[in-house]
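> Listed below are the residues making up each chain.
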Amino acid sequence: MGGVVAAGTHPPLGTLLERCRGQEEAAWDEFHGWFRRLAAGVLSRFQNLSPVEREEAEDSARVAVALEVSGDRITGTTDGAIVSFVRTVLTNAARDVWRRRRPGTPLPPLLRDEGPSPAERARFQVQLECAETLVRSWSAENRFIFVMKLERAATASIKADLERLFGSFVSARTVDVRFFRLRNEVRRRCLDGASDE
Amino acid sequence: MSDDLERLVEEFERRRAQGGTPECLSDPALEALADGSSPAAAVAAAGKHLATCLECLQAYATLRSLLDVASPEATRMAAGAPGVDRWPRHLAAWLRRPLSPKLAAGWTVAGATAAVLLAWTITTHVNRGTERRPTAVHDDRQEMERVLTAVAKGRAEAVGGGADRLATDVLERAKAKEAEAEGLAAQQRLAAAMAAYRDAAERYAEAARRAGVARQTRAEADQARIRMRVEKGRARPDTSLFKGGLAAEQQGDSAYQRLAFKEAAGHYQAAQDLFAKVAPPSPMPPRPPEGDSQNEIRAVLDAYKRAIETKDVALFQRVRPSLSDAELRRVRASFEQSQYQTVELRVETIEVSGDEARAGGRRLDVFVPKEGRTVHNEAPFVFTLERGPGGWGIVAVN
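Going down the list, the sequences are from chains A and B.
Take the first sequence: its position 87, counted from the start at 1, is 87 in my numbering, and no numbers get skipped.
Take the second sequence: its position 362, counted from the start at 1, is 362 in my numbering, and no numbers get skipped.
A couple of the hints might just be wrong.
Claimed, not checked - Output of the computed footprint for chain B on chain A, the stretches with three or more beta carbons under 8 Å from beta carbons of chain B:
1) 50-60
2) 126-140
3) 168-176
Said to hold, decoys possible - List of simulated lysine to any residue pairs, SDA-like, C-alpha gap at most 25 Å:
4) K311/B / E68/A
5) K311/B / E24/A
6) K370/B / R21/A
7) K305/B / S353/B
8) K370/B / R100/A
9) K175/B / N48/A
10) K305/B / A66/A
Rather than coming from a laboratory, the hints here were simulated on the basis of the structure.
Owing to the predicted nature of the structure, the values given are computational and were not obtained by experimental measurement.
Cβ atoms here follow ideal geometry from the backbone N, Cα and C, with glycine treated the same way.
The following block holds chain A by itself, in its conformation from the complex (with noise of 0.2 Å):
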C-alpha cells in the first residue's frame, strides 16, 4: 500500500482491514490515521463546505466504512480499489451534508463554488483552452510531472512512476525544479502574467 515506492516494506490495507475484524485495538487506530489522512485529502477538494461540514461528513463516512470495514463487506482487495471505496463514501458524505445543510441548492460540481459568472466562465473558457494547448504540446513526462504536482502526489512517487511507466530516471530534485518551471510557464503565458519567479 502506498504502493509502488515503498512496495514490499509493508502490509497491505487488506490486511489493515482484516486486523481490525479480528478486534486488535492498535489495528484499529491504525486505521483512524489512515482514514483521518485520506478524509482530509479528500474532503479539502469540497470548498463550499465549512470546516465543520467536512468534520461531519468525515464522521458520517467514518461509521460508515467501519461497518463495512466490520461487516467485512469491502469487495475491494487491492489498496487502490479500497482508497477508491473510501474516497466514493467520503464523496457522498461530502454531498450528503451539502444536501441536507441546503434543501432544494442546487449541488455545484465538486461543492466548490456557487459556478462562476457567465463573465468569468468566459475567462476562464479562454485560459483553460490556452493552457490545455500548452500542456498538450509538452512531452509526455513534463506532462505527467505537472498533473502529478497538481494533484499534490509526493515527488517520490512521482519519480518512481517516471522510471516504471516512462523509463526515465530523474532526480527528485528535477521533478520539482521542472514543475516550477512548467507551471510558471502556464501561468504566464496562459494565465494573468504572475509568476513565482
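Assemble chain B onto chain A, guided by the hints.
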C-alpha cells in the same frame, strides 16, 4: 492563481466523469496501476495511454496522491516517528488552499486587525504619545490586539458552527456591532471602537453558543423522527389513530422547518406514541410448528432483529450460536456504543436444503450512537443458517 490551475485539473476530472474514450483506463485499472498491483504488460500499456490522455492522467494523479497521503509511512510520520517530511508538506498544501467564502469573509477581520492596530498606534503616539509612558501605549495596543483576535475567532466559530442558519438574529447583531466598531475605528474614535469590538466579540460568542445548542436539539429531533418513522412503518394505516399520528408528524415537520427543533421533537414523540398504539403486537418467538422450516427461519430472523434492537446479547448468542468469543465481544461493544439501533429486514427469499438454508433480502440499519451522528445503512443481505439440536441458527451474515 493556483486556484485557476486547480480548475484546470478539475476540468479534466469533469470530462472523465462524463465518459472518456473507449481507450480510457477503467477505475479498477487505475487503482491497480496506482497501488502497484498491475502486471508488467498492463503497466506498459497504461503508460502509453497516460502519455496522451490528460483525463486519465488526472484521475491517476488523484488516486496516487491519496495513496501517498494515506500511506502507513504518512501515519507514522504524523505520529512523530522520524522520516521524510511528506505529510507536513501535504498538510501545508492543504492549509494553503483557498478558504470557503464564509471563512474567507471571517478572515477579513485579520486584515482589519492590521489596519486598526496601525491606526491605534499612530493615534496614541501622535495625540497622546508624549503624555503617556511607552508601556501604557504598549498595553493599549496589546489589549486592542486581544479584542480583535477575539472578534476574528468568535466570528469564525459562529459561522463555522452554522450560526448563519441556526442563530441568524444573534449573528446579524454581532455583524452590525462589528461594522459599527469598524466605523468608529475609521474615525479614529478608538476607545469607542474598542468597546464596540468587545460587544461584537461577545455577540459572536453568543451566536456560536446558540448554534451549538441548536445543533444538539436538532440531533434530538432527528432521532425522534427516526424512532417515529420506525413505529409508523409498523402501524396499521386504516385507523383513526394513524391519521392522528400523521397530523402530529406534519406538525413536527413544520416546526423543524422553522428550526424549532425542541418543539419538533415533541410532535414526533406524540406521533410515535400514536403509531405505537396501532402497531401489531411484537411477536414473541413462539416455537413454530415442527417441520415448518420457513416459519422457523423467519422466527430466528425476527429474534436476530429483536436481539439487536433490545441489545440482548444472550438472545443474540442464541440466534448466532457459532459466534467466537472475539465476535461476541465486538457485538457487546457495539451495543454499548449505541444509544439504540433498529434493523428492518425485508426477507425476499428463503431456500432450505436439508439442515441448511439461505435467507436473502434487503436490510435497513439505523444506528444511533451515544456520541456522534446517526448512521443509516441500506444493503442487501444473505444469512446462512444451519439446523442443530436446538433448532435453526445463523452461521454467517453477508
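> Broken hints, numbered, in rising order?
Number 3 only.
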